[in-house]
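A.B. asks: Here is how the chains run, residue by residue.
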Amino acid sequence: ETGVTQSPTHLIKTRGQQVTLRCSSQSGHNTVSWYQQALGQGPQFIFQYYREEENGRGNFPPRFSGLQFPNYSSELNVNALELDDSALYLCASRMTGESYEQYFGPGTRLTVT
Amino acid sequence: DAKTTQPTSMDCAEGRAANLPCNHSTISGNEYVYWYRQIHSQGPQYIIHGLKNNETNEMASLIITEDRKSSTLILPHATLRDTAVYYCIVLSSMYSGGGADGLTFGKGTHLIIQP
Chain R
62 ETGVTQSPTH
72 LIKTRGQQVT
82 LRCSSQSGHN
92 TVSWYQQALG
102 QGPQFIFQYY
112 REEENGRGNF
122 PPRFSGLQFP
132 NYSSELNVNA
142 LELDDSALYL
152 CASRMTGESY
162 EQYFGPGTRL
172 TVT
Chain W
65 DAKTTQPTSM
75 DCAEGRAANL
85 PCNHSTISGN
95 EYVYWYRQIH
105 SQGPQYIIHG
115 LKNNETNEMA
125 SLIITEDRKS
135 STLILPHATL
145 RDTAVYYCIV
155 LSSMYSGGGA
165 DGLTFGKGTH
175 LIIQP
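In order, the protein sequences belong to chains R and W.
The first sequence lines up with residues 62 to 174 when you count with my numbering.
The second sequence lines up with residues 65 to 179 when you count with my numbering.
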């Protein structure tokens with residue numbers, strides 16, 4: 062069974078640029094969520110994708126967007142990067158209909174300069 | 065979702081049981097208690113969850129008080145690798161069916177296992 066994987070591991074971008082982060086969900090999991098974790102804080106929910114559609118969103122602006130593909134993998138896109146977007150971005154997958162037992166990937170560390 | 069309160073940090077000696085408390089006094093009848101932990105520089109890891117009854121798995125035990133206003137996560141024989149931030153999260157059962165508000169992580173308890 063393959064766990065949740067994310068790429069890239071680290072990324073450095075300049076303010077105003079755009080970034081795409083990628084996530085492969087655990088085998089058999091059809092629901093993917095994305096979280097942002099600033100240094101010293103707990104993860105904050107960005108949004109969730111199920112059946113290739115966003116079906117839930119946290120308190121994040123529209124410049125945070127995503128996609129889910131037929132194989133359940135997912136992308137997180139952030140436009141017009143701001144310095145405060147520097148964080149660890151975590152992807153989590155689970156099987157909808159079961160418990161909220163989510164499996165997290167190792168994260169992508171994004172630094173915006 | 066109900067709010068949770070956890071101590072900021074705790075120490076425990078290696079080999080002893082680590083007991084991590086969580087207060088969730090506003091929990092409602094359909095809300096589960098979930099525990100996750102995050103080891104430094106890794107993604108959070110699911111530990112255990114429960115509704116009313118005590119639960120045990122290979123990682124830990126979860127004791128929920130009869131009034132469900134608090135719970136304790138027990139790591140029976142703590143090792144140095146259990147040093148992590150432990151998050152107690154309360155979540156409505158409706159979310160397990162596909163509702164999508166995500167997990168609300170607070171600041172958690174930083175558990176330090178001392179050699």
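No lab work stands behind these hints, which were simulated from the structure alone.
Possibly wrong hints are sitting among the right ones.
What the hints assert, rightly or not - Pairwise CB distance ranges (calculated): (1) W/71 to R/88: 35 to 45 Å; (2) W/77 to R/138: 42 to 52 Å; (3) W/85 to R/167: 26 to 36 Å.
Note that beta-carbon positions come from the ideal geometry of N, C-alpha and C, so glycine has one too.
A.B. asks: All the hints need checking, so say for each whether the structure fits it.
C.D. replies: Results for each hint:
no. : hint                      : verdict
1   : W/71 to R/88: 35 to 45 Å  : holds, 37 Å
2   : W/77 to R/138: 42 to 52 Å : holds, 47 Å
3   : W/85 to R/167: 26 to 36 Å : holds, 29 Å
Against the hints set out earlier in the document, no violation occurs for any number.
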